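Asker: Chains as they are written, first to last, in numbering that gives the first Met the number 0: chain A, 0 to 201; chain B, 0 to 340; chain C, 0 to 169; chain D, 0 to 413.
FYI, nobody ran anything at the bench for these hints, they're computed from the structure.
Be aware that one or more of the hints could be misleading.
To be verified - The calculated PhoX-like cross-link candidates involving lysine-lysine, where the alpha carbons are at most 20 angstroms apart (straight line), are:
# : chain 1 : residue 1 : chain 2 : residue 2
1 : C       : LYS73     : C       : LYS153
2 : D       : LYS228    : C       : LYS56
3 : C       : LYS54     : D       : LYS229
4 : C       : LYS56     : D       : LYS247
5 : C       : LYS23     : C       : LYS42
6 : D       : LYS79     : C       : LYS56
7 : D       : LYS79     : C       : LYS162
Stated by the list, open to error - Listed below are several chain D residues computed to face chain A (Cβ distance under 10 angstroms; list not exhaustive):
#  : residue
8  : GLY167
9  : GLN186
10 : ASP187
11 : PRO189
12 : GLN190
Quick caveat: nothing in here was measured; it's all calculated off a predicted structure.
The C-beta atom is built at its ideal place from N, Cα and C for all residues, glycine as well.
Each chain is listed here by its residues.
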Amino acid sequence: MAIEGVKAKEQGKVYVGNLDETAKRAKQLLIGRLKLGKAVDWATSFSLWPVHLTTSCCGCEFAAAWSPRFDGEQFGALPWVGPRQTNLIIIEGTVTRKMACAVKVTWDQMPAPKFAIAMGACALDGGIFYNSYNIVRPWEIIPIDVYIPGCPPRPESVARAIVDLQRSIRSKGIASKWVEEGVRPDKPLVAPKQDVCSWWRG
Amino acid sequence: MSLVEVLASIVFYPPIYQLVIVGLIVTLGVVIIILWFERKATARVQRRLGPYHVAPKLAGMPQLLADLLRYAFQEIIIPRTVDRGVFITAPIIATVLSILPIAVVPFTSIPDYWPIPMDYSVLVALAISTVSPIFLVLAGWASNNKFSIIGGVREAFIITAYELIAILSILSVSAATLSFNFIDIVNAQMNTAWFIILNPIAFMAAFLAVLMSTSGFPFEIPESENEVVAGPFTEYSGILYGLNMGAAYMKRFAFSIILAVAFLGGWSPLTPGEGILYGYLLPSIVVIIKAFILMMVFSFLRSVYGRYRLDQALQGAWRLVFPMALIGFGIGIIEAYLGLT
Amino acid sequence: MVEGLRFMKLSEEMVRVVIEKVKKELGDLVKSVEEGKGYISIKVPLNRLREAAVKLKNMGFDHVKSLTVTDYKKKGVFEVMYMASSYLDEELSRIIVSLTVEIDRNNPRMPSLSDIWTSVEFQEREVYEFFGIHFEGHPDLRPLLLVPDIADLKPLTKDFIVKEEPIFKS
Amino acid sequence: MSVSVIGGPKRESDLKIPGTEVRKIEKDLYEVFIGPQHPGSGHMRIIIRVDGDVIVEADPDMGYVHRTMEKLGEIRQYIKNIPLFERMAIQDACNVTVPYVLALEKILDIEPPQRAKYLRSLLCEINRIAAHLYGFGIFGVFIGHSTMYMWAFADREVMVELAEKLTGARLTHSYPIPGGARRDMPQDFPQAARKAARYMRRRLEEYRKIFLDNPVMKARMEGVGYIPKKLAAELGVVGPVARASGIKYDARYNDPYDAYDEVDFEIPVFEEGDALARAWVKVEEIKQSLRIIEQAVDWLESHTSEAPIHDKFWAKSPPLWKKVFEKEGRVKLLPMMATMKIPPGKAFARGETARGEIVYYVESTGDSIPYRVRIVSPSARNAIVFKYVVPGHRVMDLPTIYGSIDYFPPEADR
């Protein structure tokens with residue numbers, strides 16, 4: 000059935016309205032007029048769900064940080080399964096060339112506002128593997144908010160990093176501004192210099 | 000008529016009260032509290048703290064509020080390869096349908112305080128509750144993601160297994176009372192005993208069926224994260240995922256209310272009296288508390304069990320729980336024959 | 000649960016017995032059999048490798064612990080060692096034999112032993128990407144660990160030089 | 000229809016998104032990529048082809064954590080390789096480095112003093128328990144039992160704490176050095192170790208109740224991932240996987256090193272060969288490790304304290320170093336170790352880590368850096384299980400098998 004006034008090319012498509020426009024207006028109303036910015040920052044800071052991406056052996060201490068002794072869940076951070084539902088990525092140690100693509104793709108799949116923590120000396124600048132031919136510095140691929148030194152860092156320092164990130168989200172209002180403006184206010188997104196996924200296409 | 004009375008007559012106008020107040024607000028509150036309880040109880044069993052620092056004085060109660068608010072303001076990603084219309088509408092319809100059975104369940108014996116008074120309410124409630132899983136399967140199919148599709152197919156498998164059990168075991172109550180009317184069922188329970196005592200086998204079957212239908216442990220198979228990331232909801236983000244996650248709990252709440260009315264005597268210790276307060280509000284609170292206790296039992300299983308394999312769950316459903324439901328149905332018929340109820 | 004086991008330290012006597020057995024079994028196949036530190040080295044010519052492997056397997060050496068390749072750039076050869084041992088034979092499980100061949104560094108091709116010892120299949124793939132040794136007859140010869148552009152560099156050969164540490168250089 | 004990949008690019012530019020290419024698969028199968036960002040995969044990818052709910056083909060795609068240890072080992076001094084190789088399996092750090100040190104000792108032709116042997120074995124067993132508990136936790140969460148994960152990780156902290164008391168580091172101990180160990184036992188260690196052993200025995204009973212005898216868990220594990228004895232020998236699997244299939248092999252027993260020929264313990268072997276048997280092997284091994292810990296602590300307590308390092312090095316060390324040892328019980332790293340030259344030679348050594356046997360081949364040309372170090376870690380040898388055992392199982396069995404063989408990608412990829 001042809002609908003009048005609709006281009007022939009677009010016949011048969013399902014129309015759900017202009018979602019982008021609606022979302023923009025809703026954002027303006029909620030954050031601009033109703034001053035919900037503080038609430039958004041509060042909610043985001045206490046709901047930092049790290050995505051399940053174990054890049055290297057710091058995953059041991061990452062796992063320990065969510066174990067009963069250190070219990071990362073008390074800060075509201077719950078490791079979750081898929082990137083679509085999370086807003087925090089914790090790079091656990093060395094990122095190899097093969098893994099770099101996974102890091103990049105996972106980061107791209109996460110919905111904004113999203114944050115990143117780099118864990119371990121390897122994620123800072125290579126650490127003990129600084130001269131290896133197979134590693135990539137994670138800050139070349141994604142923007143990092145907090146670095147945790149140590150090889151591996153103790154679970155307490157992971158908790159500390161999460162608390163630090165929470166404070167900076169609340170004090171700088173990163174999340175609310177990000178939601179309102181659509182771009183991150185204080186940090187540009189990183190455009191990787193090298194094509195980390197080149198090997199995939201062969 | 001004073002202002003309070005006018006307000007009360009609006010708030011306690013049955014369709015508004017049961018669909019908006021109970022259906023949306025109380026359900027949301029219950030979901031938030033039950034999720035918090037689930038996380039806290041699991042944490043307790045696992046010898047840790049659980050959500051805490053978000054509000055130390057309230058033992059982390061607003062944690063779920065924070066999660067919800069965060070989901071609400073997060074970006075909603077709609078991949079280019081999905082079927083847009085279905086992708087967006089499926090979770091919304093599933094959520095609405097999963098709380099809709101509340102509309103046909105009475106919270107009191109006075110037919111005036113019943114949104115849709117009818118003699119076949121048990122059938123209608125069960126019929127509505129069977130529709131929402133279809134939209135979960137649709138959501139998985141529309142996502143165009145392999146994990147979603149596998150999750151959707153698993154959901155479909157599970158539906159076939161639990162649906163008959165749920166219907167049979169809840170209908171055993173109807174068989175025992177020779178009525179499809181929830182009010183008659185509750186009255187019968189008030190005269191003799193609750194059906195959980197008269198017919199425990201049917202209650203067990205119904206309990207397991209509800210666990211399966213809302214993918215609670217040990218039947219958390221469609222969303223089993225170790226094979227199919229988040230099942231049908233893998234591609235969902237932002238508030239759409241929040242809806243999806245809430246829908247399972249809302250459905251569980253709706254089912255818990257049905258179970259509370261059908262097996263746990265509804266508003267039983269209380270005889271609804273005159274007026275809104277004694278005739279409507281207090282009985283409904285009793286029902287909700289009973290449903291809430293049921294939900295706490297459902298949630299607690301998470302910390303004790305892992306999950307069954309799909310074929311094991313289906314096998315268990317057809318070989319063990321289905322005969323249980325049949326026996327329960329038989330017991331119901333025998334009870335009616337002997338005139339116990 | 001099966002009863003617990005008791006200890007027996009490896010004695011030189013046992014090693015000698017196995018060496019004799021290997022010599023008798025392989026006969027003229029071997030170039031030399033000598034005792035190394037922690038293993039027995041059996042050198043065979045490349046064209047008799049598969050024959051020797053089958054005989055070792057029949058002796059009871061049922062799996063390969065390590066496929067070790069060393070690059071001798073000056074000699075112009077790769078030394079390939081199949082370090083085999085036994086699970087099912089308790090005597091032999093104390094011994095490790097290394098079936099050693101040398102292959103030309105410039106034309107690294109050799110027969111695959113993965114149909115004799117299944118346990119070597121993944122390690123042959125690994126050697127293939129790190130040294131570029133082509134195993135003829137391997138069912139599935141693809142890079143295992145590396146991304147293709149690094150596998151082209153053959154990183155474990157001595158041609159590939161990594162930036163060294165500046166301190167404590169001796 | 001033979002195309003079973005659903006989805007794909009709608010525009011030319013979409014081709015650049017990895018994973019959205021349309022390819023044809025030969026049969027009417029469904030290809031699922033599990034990993035590397037997947038809760039059921041860890042740091043690797045398993046490509047499975049499923050027919051309905053049954054896996055017909057599994058291809059482990061490793062190398063996501065390949066950090067080039069063999070190459071880096073060739074350009075670092077011998078002593079610096081110890082912390083390097085330790086990063087393979089940091090929750091099992093002492094076990095994976097001891098065989099390397101054994102290989103060096105074989106080339107150097109020295110035997111560490113008795114005290115050092117006991118100290119090393121002590122830490123090895125502490126690490127083994129910690130690593131088994133780690134494996135248990137991961138196994139638990141893989142089959143949806145989060146309480147098992149939490150309990151195992153909580154009790155692992157006891158062992159980690161014990162190791163920290165002994166060496167000063169939570170995970171990366173760098174404890175064994177050629178010719179000995181880096182530190183003597185602190186005074187209050189024996190009581191702590193005995194207390195931990197008592198606690199651990201009690202907890203194992205509770206694990207049995209909630210996990211191993213749990214009907215749901217039993218249904219998931221029984222008969223899954225069955226490896227017959229012959230296949231296990233053919234695939235060359237190691238550690239608990241082999242011992243659950245009835246193979247009586249343990250490097251501690253078949254090629255005793257350190258103090259293992261002096262202490263009294265048993266090697267648990269099961270015949271069933273399925274995931275449940277593998278879990279039981281771990282439980283029994285933890286019990287045996289506790290026995291070894293107690294014996295080692297008893298021995299160390301009853302013998303006088305001496306520097307746990309070979310005289311060849313200790314005699315040459317400056318007096319200040321000896322003073323530090325007397326005061327703190329700590330062996331300062333000997334200066335000669337930094338540029339230690341090792342005589343030419345080749346050595347092969349094996350040791351039993353928590354996940355199975357690890358082998359090192361070290362070749363020296365008389366320089367201060369090795370000419371070649373070859374490591375074959377237990378997980379690298381167990382990876383073959385994915386290819387040969389997983390097909391024929393259902394999709395939901397994949398995490399069970401993965402968890403039960405306790406595969407640890409950083410260790411496998413080296």
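Asker: Take the hints in turn and mark each one as holding or not.
Answerer: Structure-based check of each hint:
1. Restraint check: the Cα-Cα separation between C:LYS73 and C:LYS153 comes to about 17 angstroms, which is no more than 20 angstroms; the hinted pair holds.
2. Taken as a hint, the D:LYS228 and C:LYS56 pair is honoured in the structure, with Cα atoms around 16 angstroms apart against an allowance of 20 angstroms.
3. Taking the CA atoms of C:LYS54 and D:LYS229, the gap is near 18 angstroms; set against the 20 angstroms cutoff, the hint holds.
4. Under the criterion of a C-alpha separation no larger than 20 angstroms, the hint pairing C:LYS56 with D:LYS247 is consistent with the structure, at around 19 angstroms.
5. Simply put, C:LYS23 and C:LYS42 have alpha-carbon atoms about 15 angstroms apart, close enough for the 20 angstroms limit, and the pair holds.
6. Annotation: proposed proximity of D:LYS79 to C:LYS56 is violated, straight-line Cα distance about 38 angstroms (limit 20 angstroms).
7. A distance of roughly 16 angstroms separates the Cα atoms of D:LYS79 and C:LYS162; the hinted pair therefore holds under the 20 angstroms criterion.
8. Checking D:GLY167 against chain A: minimum C-beta separation of about 13 angstroms lies over 10 angstroms; hint violated.
9. For D:GLN186, the suggested interface contact is broken, since its CB lies about 25 angstroms from the closest CB of chain A, more than 10 angstroms.
10. Contact between D:ASP187 and chain A, as hinted, is not supported at the beta carbon level, the nearest pair being about 21 angstroms apart and thus beyond 10 angstroms.
11. A cut of 10 angstroms between beta carbons decides the hint on D:PRO189: the least distance to chain A is about 23 angstroms, and the hint is violated.
12. Against a cut-off of 10 angstroms between C-beta atoms, the interface hint on D:GLN190 is violated, since the closest Cβ of chain A lies about 21 angstroms away.
Consistency note: the structure conflicts with the earlier hints numbered 6, 8, 9, 10, 11 and 12.
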